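**Q** Next come the chains, spelled out residue by residue.
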Amino acid sequence: MARNALLRTFSRHLLKPLAFWLLALPVLWLGWQWGMLLNGQAHGLGFNPIETTHRFLGDTAIRILLVSLAITPIRDLTRWGPIMMVRRRIGLAAFWYALLHVLAYLGLDLFIEAGTASGALAALWRDVTDRIYITLGMSAFILLLPLAITSFKCCQRWLGARRWQGLHRLVYPLAILAVLHHGFMVKGFQLAPWIHGGILSALLAYRLVGMKARKRPHPSTNAA
Amino acid sequence: SGALDFSATDYTIADPQTPYPAVTGYNNFYEFGIGKDDPARYASALTTNPWSIEIEGHAARTGRFALEDVVDFSTLEERIYRLRCVEAWSMVIPWVGVPLSRVLAAFQPTSDARYVQFETHLDRDEMRGTRFPVLDWPYVEGLRMDEAMNELAFLAVGLYGEVLPNQNGAPVRLVVPWKYGYKSIKSISKIRFVSEQPETSWNRSAPREYGFYSNVNPNRAHPRWSQSSERVIGGNVFARRDTEMFNGYAEQVAHMYAGMDLIENH
Numbered sequence: 001m002a003r004n005a006l007l008r009t010f011s012r013h014l015l016k017p018l019a020f021w022l023l024a025l026p027v028l029w030l031g032w033q034w035g036m037l038l039n040g041q042a043h044g045l046g047f048n049p050i051e052t053t054h055r056f057l058g059d060t061a062i063r064i065l066l067v068s069l070a071i072t073p074i075r076d077l078t079r080w081g082p083i084m085m086v087r088r089r090i091g092l093a094a095f096w097y098a099l100l101h102v103l104a105y106l107g108l109d110l111f112i113e114a115g116t117a118s119g120a121l122a123a124l125w126r127d128v129t130d131r132i133y134i135t136l137g138m139s140a141f142i143l144l145l146p147l148a149i150t151s152f153k154c155c156q157r158w159l160g161a162r163r164w165q166g167l168h169r170l171v172y173p174l175a176i177l178a179v180l181h182h183g184f185m186v187k188g189f190q191l192a193p194w195i196h197g198g199i200l201s202a203l204l205a206y207r208l209v210g211m212k213a214r215k216r217p218h219p220s221t222n223a224a
Numbered sequence: 063s064g065a066l067d068f069s070a071t072d073y074t075i076a077d078p079q080t081p082y083p084a085v086t087g088y089n090n091f092y093e094f095g096i097g098k099d100d101p102a103r104y105a106s107a108l109t110t111n112p113w114s115i116e117i118e119g120h121a122a123r124t125g126r127f128a129l130e131d132v133v134d135f136s137t138l139e140e141r142i143y144r145l146r147c148v149e150a151w152s153m154v155i156p157w158v159g160v161p162l163s164r165v166l167a168a169f170q171p172t173s174d175a176r177y178v179q180f181e182t183h184l185d186r187d188e189m190r191g192t193r194f195p196v197l198d199w200p201y202v203e204g205l206r207m208d209e210a211m212n213e214l215a216f217l218a219v220g221l222y223g224e225v226l227p228n229q230n231g232a233p234v235r236l237v238v239p240w241k242y243g244y245k246s247i248k249s250i251s252k253i254r255f256v257s258e259q260p261e262t263s264w265n266r267s268a269p270r271e272y273g274f275y276s277n278v279n280p281n282r283a284h285p286r287w288s289q290s291s292e293r294v295i296g297g298n299v300f301a302r303r304d305t306e307m308f309n310g311y312a313e314q315v316a317h318m319y320a321g322m323d324l325i326e327n328h
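For the protein sequence lines, the chains are A and B, in the order given. Using UniProt numbering, read the first sequence as starting at 1 and increasing by one per residue. Using UniProt numbering, read the second sequence as starting at 63 and increasing by one per residue.
These aren't lab readings, by the way, just hints derived from the structure by calculation. Among these hints, one or two may not hold up.
As the list claims (entries may be wrong) - Under the rule of at most 20 Å between Cα atoms (straight-line distance), these lysine to aspartate or glutamate pairs were calculated in the EDC-like manner:
id	chain 1	residue 1	chain 2	residue 2
1	A	Lys215	A	Asp59
2	A	Lys187	B	Asp174
3	A	Lys187	B	Asp100
4	B	Lys98	B	Glu149
5	B	Lys98	A	Glu51
6	B	Lys252	B	Glu313
7	A	Lys187	B	Glu271
8	A	Lys187	A	Asp59
9	A	Lys187	B	Glu261
Said to hold, decoys possible - Far from chain A by the CB rule (all over 10 Å, computed), these chain B residues:
id	residue
10	Ala65
11	Thr74
12	His120
13	Asp174
14	Pro195
15	Leu197
16	Ser290
17	Gly310
18	Tyr319
Keep in mind it's a predicted model, so treat the numbers as computed, not measured. No residue lacks a Cβ here, since even glycine has one placed at the ideal position from N, Cα and C.
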C-alpha cells in the first residue's frame, strides 16, 4: 500500500536525521543566543544568562531522558518498530545535554568564582558533599557516564547483549536521581519537578507491569 | 508610573546602578509566578489605587489607614541601596520612599511591641501565582523592633524617581538592605506590632535554609548557594563581586547583633 511504502521510506531515510536535528535544536538555539549576547545584541537569555543556561540545559537533559524512556512503550503501543532505531541517539543526546549542564556549572559558576581550576574543583567537592541537590545531580551524571561510553556498537559486542542490557538498566535509578535533583533545587512548592516525576513514574510503572506479565507462565506451556 | 518629588540623601554607593529594565524585569515575586519574568508580565493585574494598610497589635493608633495617611508623600527621599538576593545575585537600586522608623513611630507602638510583622496583600484573582501553593499565602515577614527602627530600614513607594512598578512591590514595600532580598516584603497590606518573634514565610517553608534574621553573611554557606560571592545583574554577564558582611552595611547595623552567634541565628 502507498501509505505503508511512505512510512517505510520515512523510517529508512528520514527518521534518523529528523531525530538528530530535533535533538540538536535546543543547543543550536542556546549557542545562537549566546552569540547574540557576546555580540552585544538583543538575546533571549534574560537578565541572568548564566542561570538561564543552567536551567535550560538541565530541563532539556531531563526531558530528553524521559523521551528516551518513552520509546519502548511507544513502540509497544503503536507497533511501529523502526522507532527503536533512534532510541540510542535520544539517550546519548540526554547525556550530551547533561554534560553541557555540568560543564556550564563548572565553568560559568565554579571557575569564575574561584579563579583557578584547583579552586573550582575544591568548590565542586564542597558542593557535592554539602548541597543535597548537587549530590543527587552529580550521582545521576556519574551513573550516566558508563551508559554513554558503552553506547557504541563495539562496546555492545564486547559486553554481550545480556550484560549490556543489565548495565543500561542504570537509566532507571539515574532518571529518578535527576528528577530528585530538580525537585530539591527549586524553592518552595513548584510544579515542574512533580510533572517530570509523574511522567517518570508512569514510564517505570509500565516496565514493572511488563516484567510481571513476562514472569507469568505462558498459557500454552501450562496445558496439562 | 509617574514622576515623584523627592530629595537626595547621603545613602548612596559608588557602584553603577542596575539598569531600569533589569530592576523591573528580573523579579522574585511568587504571588505573580515563579519565573523571573512572570511579575513583569502579570503584576499589572494588581489594583494599587486605592490602597489601605491595616495597623494591628500593640500600638496606640490601630485600624485601617489609606496609604497616603501611612506614607507622607511630601517628605519622600531617595536612597541608593544594594539589594542582595539569597540566590547569590545583587542589584544597585535607587529607591524613593520614607524611613520606616518615622512611619512606625506615628502609630505609637507600646512597650509590648518587640517585633513588627508585615503581610503582603492577597487576592487570588489579581495575583495569579497565589492560586498555587508555592508558599503558604499570604506572604509574611518580620523584624525585631530595633531593626525596624534602624536608620537604614526604608519603606519604598518608588524607584528611579518614579512610582514603584507593580512587579517591584507597588504601591509600598519594605527595603532592608543588610538582609537577603526576601525580607524586603512587597505590596504591604498589614503591619502588626507583636510581642513574640513572628513567623516568616520562607522560615516556615524551609527553616534550615531561611532563618528569622536572614542577615547577608558571606561566612554562612546556605544549603543551596555558597554566599561568599554574588553575580552582578545587569552588567557584564560574567561579573561577580565578593559578598560583604551585612551586604556592606555593617557600620550601621552590626551593633544590633553584638554578642549574637550569626551562624546559629541566621
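**Q** Given the hint that Lys187 of chain A pairs with Asp174 of chain B, does the C-alpha gap stay at or below 20 Å?
**A** violated (35 Å)
**Q** Is the claim that Tyr319 of chain B lies outside the interface with chain A correct, judged by CB distances over 10 Å?
**A** holds (25 Å)
**Q** Starting from Lys252 of chain B, check that the Cα of Glu313 of chain B is at most 20 Å away, please.
**A** violated (30 Å)
**Q** Holds or violated: Lys215 of chain A and Asp59 of chain A, Cα atoms, limit 20 Å.
**A** violated (36 Å)
**Q** Taking 20 Å as the top limit, are the C-alpha atoms of Lys187 of chain A and Glu271 of chain B close enough?
**A** Given pair Lys187 of chain A, Glu271 of chain B holds - Cα atoms ~10 Å apart, limit 20 Å.
**Q** Over 10 Å to the closest beta carbon of chain A is the bar; see if His120 of chain B clears it.
**A** holds (31 Å)
**Q** Is the nearest Cβ of chain A still more than 10 Å from the Cβ of Leu197 of chain B?
**A** Incorrect as stated: the minimum Cβ-Cβ distance to chain A is 5 Å, not above 10 Å.
**Q** Hey, Lys187 of chain A versus Glu261 of chain B, does the alpha-carbon distance stay inside 20 Å?
**A** Since the Cα atoms of Lys187 of chain A and Glu261 of chain B sit roughly 18 Å apart, the hinted pair holds (cutoff 20 Å).
**Q** If I take the minimum Cβ distance from Thr74 of chain B to any residue of chain A, is it greater than 10 Å?
**A** holds (23 Å)
**Q** Given the hinted pair Lys98 of chain B and Glu51 of chain A, is their Cα-Cα distance within 20 Å?
**A** Holds, at roughly 11 Å.
**Q** Between Lys187 of chain A and Asp100 of chain B, does the CA-CA distance stay at or below 20 Å?
**A** Within the cut-off at roughly 15 Å; holds.
**Q** Any Cβ of chain A at or closer than 10 Å to Asp174 of chain B, or is the non-interface label fine?
**A** Non-interface label on Asp174 of chain B holds, nearest chain A Cβ at 33 Å vs cutoff 10 Å.
Checked against the numbered hints given earlier, the structure breaks hints 1, 2, 6, 14, 15, 16 and satisfies all the rest.
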